[in-house]
Structures are given as structure tokens and as C-alpha cells.
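Q: Here is what each chain is made of, one letter per residue.
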Amino acid sequence: MASITLKLNNKNYTIEADPKMPLLWAIRDLAGLTGTKYGCGIAQCGACTVHLEGVPVRSCSVPVSSAANKNITTIEGLSTDNSTAVQRAWILEQVPQCGYCQSGQIMAASALLKRNPNPTDKDIDTAMQGHICRCGTYPRIRKAIKTAAQLMTQK
Amino acid sequence: METTPKNISRRNFIKLSGLTGTALTLGFSFSTSANELDIWNATAAESSGVELNAWISIDTNGKVTLMNHRSEMGQGSFQSVPQMIAEELEVALDQVNIIFAPGNGRKYGSQVTGGSSTIRGSYKKLLRLGASAREMLIETAAKKWGVNKSECYAENGTVIHRASGKKFHYGELVTEAAKLEAPKDVALKNPKDYKLIRKPLPRQDTPMKVNGKAVFGLDFKLPSMLYAVVERSPRFQGKVIKWDDTETKKVPGVRHVLKVTRDEFGNMREGVAVVADNTWAAMQGRKALKIEWDDTAFPHHSTEELYTKMREQVKGEMISFRTMGNTTSAFAKAEKKVEATYETPYESHSCMEPLNCVANVTDDKIEIWGPIQGPDWIQQNICAHFKLPPEKVIVNMTFLGGGFGRKAFTDYPYEAVMISKEIKAPVQVIWTREDDMTIGPFRPGMVYQCKGAVTGNGRIGSFETKISGQNMDMQNPGADKTSYNGSDTEGFLEGYFESIPHYSFGDSPLDSPVPVMWWRSVYSSTNAFAFESFIDELAVQAAKDPIDFRRQHLGERYQLLMNKLEQVSGWKERGKNTGYGVAITECFSSIVGEVVKVSKTADGKIKIDKVWAVMDCGWYVNPDIIKAQVEGSIVMALGAATKHETTFKDGKAVERNFVEYKMPRIQDIPEIEVHIMDNEEKAGGVGEPGLPPFTPALTNAIFDLTGTRIRRLPFSLDKIG
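Protein chains in written order, with this note's numbering: chain D, 1 to 155; chain H, 1 to 721.
Isolated chain H, as found in the complex (with noise of 0.2 Å):
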């Protein structure tokens, strides 16, 4: 099968998909009703003047091209959204060919790859798709056979007629179906006779990925391309005031060295950029550059003075988010009570890929190219800022290099554009990993004070939380800076807000220059560390072991993923010598819930032993890698626990590389179980999900191995007392 990811022009995706002669091509226009699409036949949609997104197309050899809408940084989606056209469809996967869809909100609705959405946002209209063309693939080969089209049924890329055994491949009707109507409701098929949905498929991407040919952003390139690196301000909203390129313009094969612009929020950041030959040259001249900076009208944080701030605030008045019942007058009758504050780091998001971008500015277009998340949003952002309308303006995909949040952000293609329009010639602008690591948006760091009762049977009394952070929302100009963050209960069981008699959520945003930005599961990243680390110090106040405590609040589906996590971790048999910590959290509309086992070296450090993950996303496709993903969260919460943090000093971020910001390598790694759920609730999301409950089934191991509470991260596993 051909997958190499083609970069396409929206209106010739026939064409280009490599599709002969006539073909039945099906896709969606948004219909009036607001968010229903509607299925059209793409021949019919033509002779109406719709506008369509063409998802599927199969030609007269029985070829089938799918539209991949999504950016494939690692999570998958690159299988997992054919793998479920193809089981509706009835093909098999090698007869098909996957292509990434350019950006275009208008088209494909939202193509941004985040809230782990992919699939919990669209799987039940790609299975419609899958159906709709199976159906008039059907309906076609009836007509020709002169039978009913209950007689006959589509398996393997043909139509058979059951009694007689006779068969049209696809390739032969698709001319006579193209011309019928999209069916207006379709079957889908039982979960029971799934092929395709639920097996653990090999991804298509794999072949490419250990060969060197998948094509990264940094790997794209077009003839005659400069190569670009930015000198951008240390301190996060410095002003060129002006440099010195004597000594840059010495280098040979330095091009060009002009100031740039980038578009961080609405907020207008500035740089020197040095153009070369090549991107050793080009960072030969960065080097070389003497620049001048303005950084006077903004304060210059540290990280201790960002955290003062926060901790005072947590004190203060709170923006409320969510409450119940009054936690203040519960809290003060109380007889079992707990007061505990937790704190998170600010983190890099560190994607191996550091950021990069191609772009070409013509006279009559803008084209870009690069490992991007938000393909519908950089399109946007690039038509007004060129005031071009968006088919001027082509935004293409290749693979992602990671992507956790920081490639759904819109500065560095914005960046690449303004030097390629300047330089009148394609650029790629390539971040080297110390502006990766140091330039930002960030994780932002958090401050949770939460207070908890007791009560007398041993129940969640009262729950009061109080955040301190930068919400992330504030960035942009006008935003309205007294609204509260409606993410202060992410990660929270929404079980527990039917239990708990009194709750309060509330926070007090953090002012501060530096940027941030959504990091792997968002907010929940952080707030599940407080949440379920609190939830255990209840259960120590209350006397109940962990998963019990928790029990007695929650409802069936969090039961049964109890019941599970609590036989596959032998949670009930643990023994001595040995801590157990659970935590279970709710993220993009899955349930998680993990126990780590720790225990002590002999030169008194901490190890982890063994991880066990039970992941309930509902309806899922591709158990392997929604087991690989799990698999990649733990060790990204691991990093985050226990190895790396970005500081702040005088108002420029302290960790610039690797050797610095310290990852988890292969011998940080326990063992990993993921068990996944099998129900039929809605898909939740998958990539992210299996990050937040990590550090505190973690932390909570430690305290029942060896009594210390842990409070703030990072911290170290060497130095446990």
C-alpha cells in the first residue's frame, strides 16, 4: 500500500489522490442544522454547487483514497481514522491509500489535533461515510444482478450476491454508483462483526517510520530553499532596538539578516533572523550577531518570585468555578479534617522535532509546510495578517515529530511566512533546541491549596480547592481577565461532584510575561496531582484503604474500572516491603485509573517496580496503540514527576538543552501493563488521558511505602526520606 503523505491542493484531491477515470468520491458539507453534516455523493454535489470535503474516494480499479482530516504526531490517527472508514467499507486496509487533508476549518471542521479528539469527535460520521459508499456499492451491484439488495452483501473491497456466489469488485461499479444519491441514514454494523475496529492492527506508518522516509517538517524542502534560525529575545517580550551583522555577514553562505516578527497571542515578539545556504551557516551568523534588546517594560521573573505570588494568591479571593453546598462552614465543623498545598513546575514541551517551518510567499500565494497541529487555525491566523482570502493561502501537513500541545500553536509558521515574503525566496526556519526549550509557551506552573473533611462514616465530607496558575486564556489582548478558569476540575471524577455534599472550585490567575501554552492533557496534567494526591490524604484521615475510600462515592463504570485495576495489580494480595498508589482520573471523556508499586534499593532510593493502567475510552478502534499511547503518558508524567523543570532567572528560562532539562531514559522505565475496558459508551479521547493519573498513584506508592507525603514537582527519586 502507498502511504506517503502527499501534499495536496484542496480542489484537486481526485486528481492527485492518483485516481483514474471516474470515481464514486463521498464527502460532508456542513448542512444548515449546526453541528449534523451531511453525507453527499460528490458528482450530485457538483451539479448543486455544494462545496464538499472529499474523505473517500474509490476508482474504476477498486482504489481506494481516504482523507486523513488530522495531524499524526505519534498518537495514531494515522491508522486509526481509516481503520474505521475501511471496516464500514468493507476493505481491507492495504487496499488503501492515505493522504493528509490541507488546512481548512471550513471544510474539514476543527483539524485541530488536541483535547485527544480525533476519534471521540468524529467517529461516528467516518463510520456513516464508510457505510454510505458500502451501501450504494450494494445498491449498484442489485441493480445490475436484477435482485433485491438484501440478497447481497460487500466483503473485501467486492459486492456478492449470496445465492449464486456471483461478484462485482468495486472497481466495476463505481461508475454506475456515482451517479446514485448518498443514502440518507445507514446501518452501521454491530461491534460483534467488526474486522477491522478493535484488533490491534499494525500501523500503516510503521514501514516508514525505521527507514528514514517519513517526511518530517524539518525534512521538507524545496528546490532553491534558504534556511533560516531567529535570534529572538531571551526575556520573553524584548524589543530589537537594533544589532550589529558585521561580523554575520562574514560567514559564507549568510544570505540575508532582517528583523522578523512573530505572532505569540495576538502579541507582536521580535527577532533578528539570519537567512543562509544552509542551517550550520545560518547558525554560524546567528552566533555572530550583536543585538540590542529593549526589555524594560515588563517584569523580569524568577521562579521563586512566580511561586510567592502564587502561594499568596491561593490565600486570597477566589474566581468561582464550581461550587456546592458551603465548604467554609462544613470545613469548620468538622472534626476530621486535612489543609494541603501542592505545587507543579512549569514544563517544556521538548517534542523531539524542535519547532521548524517552510514557507513560500508568490505573488499570488502563501504556501507552507511543516509539522503543525492546528492546520484550519495557522490559516486563519496567516489570512489576516496577509489579508488574503483562504485559497490563497495553503497550509500542508507532514508528519509531527511530537506535538503535545505546542505545534497547535500559530507563531512559528507566521514567523517562516514574514521572512519568505521579506526574502522573496522559500524558507525553512528551523528553532535549534535550546530556542525550543527556552522561547516558550509553556506548561504553566500551579499552586492547589486544597482543604478536605471526613465525616463520620468515613465519607468526602466537604472538597475545597483553590488554584493559582496562569490561565492560559488570558494571553490574548481584551481577554477578560476576571473570568474564573473553566478548567479548575479537570481530571476530577465527575462521580464525585454527585457524592461530595459540599465542594468548591475556584482559582486566582497568575500574572506574569511568561507564555503559556496546553501541554499533554492540559490542565489535568496538574490538577489530577492535587486532586488525587488530597483524595488520599482524606482516605489516611477516614482509615480506609484507597480504592475502598474511593468506591463508596463512585457510581458503576468508575466500579467496574476499580474492580479491574484492583485484580490485574493483585492490589488486595500487595505485601511488605512494598508501597501501592492508586489514582484515578477523568480526562476528555475517559476514565483512567493506575496503581504503581514502589519499593526500596538497598542504597535506600525508590523504585519503581511495576505500573498498571486500566484505560475506559468507551468505543475505541486500534487496542495496540490506545496501549502504546498509555504506555508513552506514564513516561511523559514520569519525566515531568521526577526528571525536568523549566526555571525562570532574571526573567529568561534557565533549562536550554538536554543536559539541563533532564529526561527519563530506557533504565528510568518499569514495567507497564495497560488493560483496556470493553463497553459501549461514547469513544472518549485516547493520546492524553493516561498522563494525569500517574504522579499521584506515584506519590501516593511512596507515602504508603514510606510515609512521606509528596507535595511539590519535580522531586527526586533518590532522596526520598
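Next up, chain D with everything else stripped away, as it sits in the complex (with noise of 0.2 Å):
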């Protein structure tokens, strides 16, 4: 067991876990953020997709330890008020219809974004394929990064 210091949406938690722990269960279970979800625990899914240093990860698949004192952001901290471009997208084309993989979809969509802000279907295609969404949204994602790229031009 060791003390490690979180940076969780620019909000120090101080947490008791064996350093091998993987990040998504610290957030979820020790910090109490559970809008990161767990859908495979070995980087298949993306549903626990979070950004270290902006970048996106796995959270299943990297140890707490080395995410101690690294700015981490999940879907939590995106923003306060659903008033990302990627929220506003997600809401406006109705996106989500249970919801689960939602948070990994945004996170990763986020990201494709800021670093590419006009993909290509061949660019969300990439960015996209590690998410799986059972209840097929896939349509409706495609669709909501491509509006969510809109919106950042009109900004």
C-alpha cells in the first residue's frame, strides 16, 4: 500500500492503494467518481477512457502509480455545465441511449477534436474503434463529432 496524490479535474485526492492498482479503480472506488465506467479491464472497450496530460488512456490498463501528480481528467471534469462542444453535439444529435460507454466516447471524441478539429470519417474511424457501444450509437457518434466540430468553429 502506498499514498499517492491524485490530480483529479485540478482537485488533489490523497489515496491508500497498492501502487498496481489500476487507475480506473482508484478513481471510481477511492476517489468516488464513477462517471468512468469499467466494461473490460484490458483496454478493449474504452468505456474508461480518461485524459492524462490530455492525452487520452485506458484507465483499466495503467497502474494508479503512475498517474500520481499527473493532471487527470475524466468526464467529470470536462465541464460543469454539459457546455463542451462534444456535450452540446451529444445532446443535440441524442446520442446516448443507455449511456454506459458514453463517458469513454466523449473523452476519446474530445480529444480527436482538439487535436484534429475537422477529422475526416477516416479520422473518427481511428480515433473511434477502440469504443465499443452495444447499443449501436455508432451513426449517431459519427454524427456528433462532426456537429461538435461545427460548433467549435461558431464559437
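Simulated from the structure, these hints should not be mistaken for laboratory data.
Among the hints, erroneous ones may be present.
As the list claims (entries may be wrong) - To give an idea of the chain H side of the interface with chain D (calculated C-beta under 8 Å), a few residues:
1) 203
2) 204
3) 211
4) 214
5) 252
6) 278
7) 635
8) 659
9) 663
Unchecked claim - Derived BS3-like pairs (lysine-lysine); straight-line CA-CA distance at most 27 Å:
10) D:20 to H:250
11) H:643 to D:122
12) D:143 to H:600
13) D:20 to H:287
14) H:605 to D:122
15) H:564 to H:192
16) H:610 to D:146
17) D:20 to H:192
18) D:146 to H:199
19) D:70 to H:213
20) H:221 to D:11
21) D:143 to H:199
22) H:643 to D:143
23) D:122 to H:719
24) H:221 to D:7
25) H:564 to D:143
26) H:213 to D:114
27) H:610 to D:122
28) H:213 to D:146
29) H:607 to D:143
30) H:605 to D:143
31) H:662 to D:122
32) D:122 to H:221
33) H:249 to D:20
34) D:143 to H:213
35) H:607 to D:122
36) D:143 to H:610
37) D:146 to H:607
Cβ atoms here follow ideal geometry from the backbone N, Cα and C, with glycine treated the same way.
With the hints as a guide, dock the two chains, each given alone in a separate frame, to form the complex.
A: So, in C-alpha cells, the structure goes:
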């Protein structure tokens, strides 16, 4: 067990954890932020995606010790009022059905648009293919990413 | 508006829904006449001792609270139930607070969210409920003004006197309205006047599903709650002989190791639970566990063995379900005939939210929280096992991260209750993805043997289907194994029964320890592949266009749907070097037709260019939710047709996670265009009926393009001859 400081959404959380514990479970069980989801535990589904220093990572496969003192953004840290372009686009296009995978989808889409504000279909496929949606909201995810890109230009 | 689902005690609906002071509360009570529900004013019901379920309440601030009795697992009932009531009540949806009802079958009627039944099962009474409240408010206002009711109308949470323009806010009327008896008969609105129904209103649960605030089962926490994972028998009916938890107990955070059971269709399955301070510690403790299983009492089947048995069984005697004429002699005499065998795989539900449940067993009651499709079933199951009356067993629903049939099953809450009871603490049981994918129950694998004949004038002369596969109803102890499967014809168009002179449907159930359960659209999800592929094969025998061939057998409602499908898909103008396939199925009282267009890529693979779907679900609420459900159904069907299956080896499920059980991903999804028929037919299902026609429409399209007939699922789009 080790004492570890997690910088989650600009707030410090000091936790006692096995250094090998995946960041996912530290965020969910120890810091109590449940927007980040468990889906497969082996980096195959994307439901647990968070930003580590701005880069999307699968929190189920990152040991908590290697995330210590680094800036981590979870779905709760994107905005307090659903005001980011991606969140607005997700609402406009009515993307979620069950909604369980959408935290991860939104974190991936946000990272994509940050580095590529005008993605092609191919770019979207590449950035989003690691994310499974069992409800099949894929057509709307594609549409919402394009809508978000447009919303970003209107700012 | 507030839409956070609250966990409420059924007795405290009014208190916990935050209603202030006096409120007009209406609900249903079961009247003596079987299915018809009477609407009651809560005040009147209280004085006459009638127990009510409260569905709707308006307080003196005009705040409206609606109770949603069905699970929200993505299908949109969280939106569509209030959208119906608010329409007749004449309030805007942003004036409405929605809460989930706890499990209580006696109060709410069936709460099992299955069979795409939420709207089709209850829309008439929900409309009447909204209308009754509206009429009571209008009556109260008219009395206060001393005018005739007919001079007043309701709009946007107010009652208005037409001539003078005088207004009362609903909140100003509830105290008086609460003294009235609910009207016996109310006039429902003309669909032409709908303001909310049939409008693509955005879902009220969307905002909380884009910021992590929606609480799913896995997100629910109680103070001092512990976390448990369970090592269950990897072979389906294994018993624990003994275990060694020496290493497990060395894992920091592990608190308890105990044997648990799980009620699977009345059969008790065994496992060993590891309970810890957090999920990870429980998982690590479980890895260190050594268990010896006794799995000698049942066969260890492989996929090959299961299908060999089914292939043999379809050649033998059937338990007859539905017949007309004599298919044997009609087939023998026919000149043009076809025989074909179709096979569909076992499948895992693989909801993105793995199974989980929180239980808290205290001295005086059992309370559970979880992603639950069947709260009333679970309440009954827990009551029976722990010998408690219903008021001591409280089943709370969270949002569900997918359900698809799996979360209607009662095993996982039972297991959580058992652990909480043993350790005397609140506990969350988490199934890992591997548990969720390998323990089952699964969609049953099926084999269909079809024989059919075409008459001289190109119609279907005879249609026979022999089915083998596990019958879900036969898993319960004491089930009658000589009885037919009443779902043998699910997915088949009712219209065919009126026009095919000789038909026969029967089954020969497969006996296997593999547990099986409903999977989105249930038997239609597999039956339709056989039926609609075979209709296509008969159309080829008849040398007819596949839509024209179907058209000659079917009545007006189907004709309208086929016309629409033909028009939107450009069926008649279809070009060279493309394949078009069609399928039309009927499932849970809705008819859906789909056309798939395919082509070949430069490297010889099949590409799905586009899918057109036409849904006829009769009376409907929210067209955007319907479109989303059909899109999602098509994606799920695409996965089961071309990507994944569950196989068995030595009595264990082979596919354990998404590495082996490959899901469709964003780059696999074609453009999907959905149309909805407008008519005044009764409401049909929405969440499932879009799934069955996709696969046969796809394989029929591949036949059209390549001449290759696909009769076994799944198949790879990359390897078609």
C-alpha cells in the first residue's frame, strides 16, 4: 500500500492504494468519481477512457502509481454545465441510449477534436474504433463529432 | 427540470418526490375485473382503504411528478412514458420530474421490461391517467369561476376560460381538485392535436448521460459498502468441493471469503465470493483462490456436439406447434421445391455494464439496488428464498447500462443478498467482463430445417420448418418437456398464415446444461434468419422479384409497408454490380421491413453500402427514439451475423472478453435510414423488432450479388465466394 496523490479534474485526492491498482478503480472506488466506467478491464472497449496530461488513456490498464501527481481529466471534469462542444453535440444529435459507454466515447471524441478540429470519416474511424457501444449509437457518434467540429468554429 | 432517479420507498412516494403540501395524486388500483385498471384519486382511495400505485402527482406549486414503472436500459421509456402522460395532462415536459418506481408487481402490474412492451402494454391507461387529472383540474377551475366546464380548456399547466381569458395555474387548483372523484370516462385527445406525442423530443436522460452524472448499478454506493467478486463454476453446474484461501487472505483489503449460491431458473449454482474494501482487492484475492470443483454430474458439451445433436434432431419427430393442411403430401407432389438447413449461434448479451448488484440486508428488511429489468420478479424471488413479505424486500432500479434480456433474470441480485446477509454489511457484487461473458445465460443456438414448395402460379404452396435448440421454458425444475415451444413461429408474418395453404411448424428441444435466456427480440432474432432466407429461396424457385413474391401473399398493412420500402430504397432502380436483399418480419406486434445494399470491394470483400428500414409499430410516441432503436437493433444484428458467437469446449464457454468476442465497431457500420409508417393501428414494440429482418436482408443481398447462399451464422464479410 502506498499514499498516492491523484490530481483529478484540478482537485487533489490523497489515497491509500496498492500501487498496481488500475487507475480506473482508484478513480471509482477510492476517489468516488463514477462517471468513468468499467467495461472489459483489458483496454478493449474504451469505456474507462480518461485524459492523462491531455492524452486519452484506458484507465483500466494504467497503474495508479504511474498517474500520481499528473493531471487527469475525467468526464466529470470536462465541464460543469455540459457546455463543451462535444457534450452539446451529443445532446443535439441525441447520441446516448443506455449511456454507459458514452463517458469514454466523449473523452475520446474530445481528445480527437482537440488535435484535429476538422476530422474526416477516416480520422473518426481511427480515433473511435477502440470504443464499443452495444446499443449501436455509432451512426450518431459520427454525426455528433462532425456537429461538435462545427460548433467549435462558431465560438 | 430534475430527472435524477431517486430510490424511493413505495409508501413514501409523495413525501420523497418533494411535493409540497396538498397534492392531486392519481393512480391505478386493480379492480375486480381482471385486466382493466381503475383510476383513483389518492384522497378518495385512502378513505376507502384502497391501496394505490401513484403514477402522477401535482402539488400546490404546480410541480408535476411522474413515476416511471419500467427500466431505462437505453430504449427510451424514461422519456416516452412521461411524454405520453404530459400530452394528455397539458403540461410541458420541463415542468415534470420523473422518478423510477420500486419493484412491486402487485402495484404496477408487470414491470419486467421485456418483449418491447412498455408502450404497447400500457399506453391507453397512461393516456387516460393524464386526461383524468386534466379533466379534474378543468372541473375545479370551472366551479371556481361559476362557468360551464365546456367553456374552459387546459394548456401548458394552466386552465383557461376561453371567453374571458382568465387563468388558473394547476398549482392553484390541486387542493380543490384533490377532493373530486376521478372521472369514470374521459375523452382522449385526437392524434391530430398532439403537441408532444409523435414529436422527436430530446430525451430527458441525455444531459446526465454526457457528464457522468447518470447513476448506473455499478455506480451506486452505500456508506461502508464492501465489494465482492465471485469465482463461479467454470462448467455450468459444478459444485464446490473445497477451497484454499490462504493466499487470498494475504491480499490487503480482503475481508471475507465465503461459499455462495446463485438461483439459476430454480437450480442452485455454486461459487466462492471474495469480499474486500475495493473492487481491485477483491479481484486480486479471487485470483489467489484455489477451488476444487465437482463437475461430474453433467455432460461437458462442445459446440460441435451440440450442433451434431440438433442436426440429428431436426430429422426426427417434432412436437407440433402450428399446422395447416398437409405439408408432407404437398411437398411430395410439388414440382418446384426447396430444402435448406439454417444454423444460428449461441450469443452472449454482453451489455456494456457488466452484471452487478448492491444488497443491504438488515435485521428488518432486504434492500437492493441495481441494473434490473424485472424488479417485480426479483422481489418475488427474494421474498420466496428469504421468507419475507413483499414490504420487507425493496428493489430499487438504477439506470441500466444495457439489458437485452439478461438483466430480467433474477440470479445476480439473489447472490448479492446472500453475501450481504452472511457478512452483515452492504455489498456490491461485480461481475467481471469474463464472468459476464462465460457464465451465461446465453441466446440459444438453433438449427432450422425448412422444406417448401412453389405452386405453378409462383406462390408458396407449402412451408415446413423443423426447429431444434434449447427451449428457454424447459430450464425450470419440473418443466413439461413434452410441450411445444410456443415461440416456434415468432418473427413469421401473421399474413402468411392466411395465404399459405399448407404449413407446419414444430420443434425438438435440445437438452443441455448450457443456461439460455432471452436475447434482444428473443426467438425472432434467430427464427427470422431461417424464415426470411427461405422465403427468398422460394422466390428464386418461383423466378419472382423478392418483394413481388412476398406481396402476393400479404394483406393491406404489409402492402403499404412494402410499397414504402420499395420506394425509399430505390428497389426498382437497383443497378448492376450491387446486391439488394429484403426481409420483412413481425415481432412483438410491430412489422419491420429492411433492405440491405451490398457491393464488392477491390480486394473481393463484401461491403454493406446502406440499410433502409421501415418500421410499422402502429400508434407511437417519439419518432427519434424509434429511429435510434432501429439503428441500434441493426448494429446488434450485424454483430451476431458477422462478428461474434459464443462457442463451448469441454463444457466451458470459450469467448471470455472482447478480444475473442469481437464487437462491431464504428468503421463497420453502414449508413442506416429509418422510416416510420403513420397509421392508427395499435401500438407495437419498438426496442426489439428492428433486429430480426437485418440478417436475412443482408444474406439475401449477398446472394443477389454473388449467388452464394449463407445458411450458417456468423460468417465473415471478408470471405464470401
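Q: Now tell me if each hint is right for this structure.
A: Hints, verified against the model:
no.: 1; hint: 203; in the structure: 6 Å, holds
no.: 2; hint: 204; in the structure: 11 Å, violated
no.: 3; hint: 211; in the structure: 6 Å, holds
no.: 4; hint: 214; in the structure: 6 Å, holds
no.: 5; hint: 252; in the structure: 6 Å, holds
no.: 6; hint: 278; in the structure: 4 Å, holds
no.: 7; hint: 635; in the structure: 3 Å, holds
no.: 8; hint: 659; in the structure: 6 Å, holds
no.: 9; hint: 663; in the structure: 5 Å, holds
no.: 10; hint: D:20 to H:250; in the structure: 16 Å, holds
no.: 11; hint: H:643 to D:122; in the structure: 21 Å, holds
no.: 12; hint: D:143 to H:600; in the structure: 26 Å, holds
no.: 13; hint: D:20 to H:287; in the structure: 15 Å, holds
no.: 14; hint: H:605 to D:122; in the structure: 19 Å, holds
no.: 15; hint: H:564 to H:192; in the structure: 22 Å, holds
no.: 16; hint: H:610 to D:146; in the structure: 20 Å, holds
no.: 17; hint: D:20 to H:192; in the structure: 62 Å, violated
no.: 18; hint: D:146 to H:199; in the structure: 24 Å, holds
no.: 19; hint: D:70 to H:213; in the structure: 24 Å, holds
no.: 20; hint: H:221 to D:11; in the structure: 21 Å, holds
no.: 21; hint: D:143 to H:199; in the structure: 21 Å, holds
no.: 22; hint: H:643 to D:143; in the structure: 24 Å, holds
no.: 23; hint: D:122 to H:719; in the structure: 23 Å, holds
no.: 24; hint: H:221 to D:7; in the structure: 22 Å, holds
no.: 25; hint: H:564 to D:143; in the structure: 26 Å, holds
no.: 26; hint: H:213 to D:114; in the structure: 23 Å, holds
no.: 27; hint: H:610 to D:122; in the structure: 18 Å, holds
no.: 28; hint: H:213 to D:146; in the structure: 24 Å, holds
no.: 29; hint: H:607 to D:143; in the structure: 21 Å, holds
no.: 30; hint: H:605 to D:143; in the structure: 26 Å, holds
no.: 31; hint: H:662 to D:122; in the structure: 21 Å, holds
no.: 32; hint: D:122 to H:221; in the structure: 40 Å, violated
no.: 33; hint: H:249 to D:20; in the structure: 18 Å, holds
no.: 34; hint: D:143 to H:213; in the structure: 23 Å, holds
no.: 35; hint: H:607 to D:122; in the structure: 16 Å, holds
no.: 36; hint: D:143 to H:610; in the structure: 16 Å, holds
no.: 37; hint: D:146 to H:607; in the structure: 23 Å, holds
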